[in-house]
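Q: If you want the building blocks of each chain, they are given just below.
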Amino acid sequence: MIDVKNIRNDFPILSKKVYGHPLVYLDNAATTQKPRYVSEKVKDFYINSNSNIHRGVHYLSEKASMAYEDARVTVKNFINAASLREIIFTAGTTAAINLLADSLGRSFIKENDEIIITEMEHHSNIEPWRVLCSRNNASLKVIPFDDQGKLLIEKIPSMINDKTKLIALCHVSNVLGVINPVKEIIQTAHRAGVPVLLDAAQSVPHLPVDVHDLGCDFLVFSGHKMYAETGIGILYGKEKYLDMLPPAQTGGGMIDYLDFTGSTYADLPLKFEAGTPNYAGAVSLAAAIDYLHNIGVESIARYEQDLICYAVDRLNEEENIIIYGNTFPHCGSVSFNFEGVHPYDAAAIMDKMGIAIRSGTHCAQPVMAHFGVKGTMRLSVALYNTREEIDLLIEGTRKAKSLLL
Amino acid sequence: MNINDKQDRLIKEFAPLNGWIAKYEYLINIGQQLPKMEDKYKTAENQINGCQSQLWVAAELRDGKLMFQADSNAKITRGIIAIVLNVINNHPPEDIYTSKLYFLDNIGFKTNLSPTRLNGLNSIIKRINKLCLIHMQL
Ligand SMILES: Cc1ncc(COP(=O)(O)O)c(C=O)c1O
Chain A
1 MIDVKNIRND FPILSKKVYG HPLVYLDNAA TTQKPRYVSE KVKDFYINSN
51 SNIHRGVHYL SEKASMAYED ARVTVKNFIN AASLREIIFT AGTTAAINLL
101 ADSLGRSFIK ENDEIIITEM EHHSNIEPWR VLCSRNNASL KVIPFDDQGK
151 LLIEKIPSMI NDKTKLIALC HVSNVLGVIN PVKEIIQTAH RAGVPVLLDA
201 AQSVPHLPVD VHDLGCDFLV FSGHKMYAET GIGILYGKEK YLDMLPPAQT
251 GGGMIDYLDF TGSTYADLPL KFEAGTPNYA GAVSLAAAID YLHNIGVESI
301 ARYEQDLICY AVDRLNEEEN IIIYGNTFPH CGSVSFNFEG VHPYDAAAIM
351 DKMGIAIRSG THCAQPVMAH FGVKGTMRLS VALYNTREEI DLLIEGTRKA
401 KSLLL
Chain B
1 MNINDKQDRL IKEFAPLNGW IAKYEYLINI GQQLPKMEDK YKTAENQING
51 CQSQLWVAAE LRDGKLMFQA DSNAKITRGI IAIVLNVINN HPPEDIYTSK
101 LYFLDNIGFK TNLSPTRLNG LNSIIKRINK LCLIHMQL
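Going down the list, the protein sequences come from chains A and B.
Counting with this note's numbering, you get residues 1 to 405 for the letters of the first sequence.
Counting with this note's numbering, you get residues 1 to 138 for the letters of the second sequence.
These are calculated hints, taken from the structure and not from any lab test.
Take the hints with a grain of salt, since some may be wrong.
[As the list claims (entries may be wrong)] On the chain B side, residues computed to face chain A include the following (Cβ under 10 Å): (1) N4; (2) W20; (3) K23; (4) E25; (5) N73; (6) Y97.
The C-beta atom is built at its ideal place from N, Cα and C for all residues, glycine as well.
Between the sequences and the hints, there should be enough to build the whole structure, so can you do that?
A: Okay, here's the thing in structure tokens:
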């Protein structure tokens, strides 16, 4: 069981007042708040261990390098990767996808090749592929979803052909909160020899994610959405692929031998980590993973699922409610509108009541286009949220409606 | 009333409004009194970017005075543009262009808006100035 009261004490920001009201923070899909445990680990690192990594033989450099490589071990175990060589530190999900797209673009994506994504992707999992396709004269195919938020996976076999080079899709949608049947999709793709990238930005914070069990070839996520600091994220890739792929960026830290006529590169994973990496960020990510482990990833998943189901039930009781995607169970997020109420107006009013939710397109304009709306409101939970906060949100929506309708 | 008289009147009207909910209520009401813009004016050209909501502003010169029309699909945005228009409508473009819209500071708008919304407000003011310039040259 989750002891929310104690957990809330770990997050100093949660006791803040906003315009005189207690903060109700329900914008966790955008970013989560940070527990003291994480900030203190980072502070401790700067006070006791800071030095550039993999550079000097001196004491501090060894200590910092060790902390960085320990963080890699923590991440590897967290997602159950086969080897440390499969864990690349990046600046976040967007950076990880761009790294992969750049690298694939330099080597494997040729004219007339095809990349498959879905209609429910975040812009970060669309634009790098769209740009790559237009640059390399390849084409982008899109798996649609139905109004319930279900991907039309039966269409996938006919979309795959011998030109298909990759399927890139989200594990959990950042707008609809739907969990996609990724295992099934991966099996379909693998039967045709096509690798799959999972955008796990919205699943890793909420569900146990095991790359071995899922079978995905690549997986990306952001630290800041799972209680770590900003500017750190992960690109997981199967060794057989990462080994073949060229680095997207070159520079310090990834050179094995260099003179003015040529060079050889370091082995995985450093091949993909040119420049001084965000090693303090890596420390914070490892601390966040420790923090999650201490509470229990499974119990967190159960607690959050109960909470988001409660939120959906409460919303469903409201008049004029429109919930986008009728999925069960929701994971992390739910998007909604009230008939006749602009999401911006409602979110602005709730803001003044101390309630933080997101309004707008959520970096997923194709999802908005699917439902023919300009924007939605989205509430998204974390392990520190409570049913009382959901009740306050419902009150907030009622107040907003009373002013706006 | 000149533009500054109108600003001062608005500041007085806002003064007794306690708290943000009351201010929003006022804005929503005033927005409802703003005449609807005809659909033919809701063009991409008249749309202002930088707002989460859609917002259109257009102006035409009548007897040397600039008459604005505006609309938004969000009620708070509608209210904001309505109070701006209440101040500047029906004045010569030169007067509008040279006046400083200090009421926005005085009613606590600028200090309390988030950067994205402030951005929207700045876009509105830029557009108004641009419309003034266009009509000053005619
Ligand atoms: C599904 C999904 N993909 C990608 C991203 C981008 O993540 P980041 O901004 O951390 O790079 C987000 C976050 O907004 C997301 O929700």
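Q: If a hint holds in the structure, say so; if it does not, say that too.
A: Consistency of the hints with the structure:
For B:N4, the interface hint is violated, since its Cβ never comes within 10 Å of a Cβ in chain A; the closest pair sits about 29 Å apart. Of the supplied interface hints, the one on B:W20 holds, with its beta-carbon coming within about 4 Å of a beta-carbon of chain A, less than 10 Å. Given hint, B:K23 at the interface with chain A, holds; its Cβ is 9 Å from that chain's nearest Cβ, closer than 10 Å. Below 10 Å, beta-carbon pairs count as interface contacts, and B:E25 has one with chain A at about 6 Å; its hint therefore holds.
The interface hint given for B:N73 is met, as the beta carbon of that residue sits about 6 Å from the closest beta carbon of chain A, less than 10 Å. Because the closest C-beta pair between B:Y97 and chain A is about 29 Å apart, greater than 10 Å, the hint is violated.
In summary, the numbered hints that this structure violates are 1 and 6.
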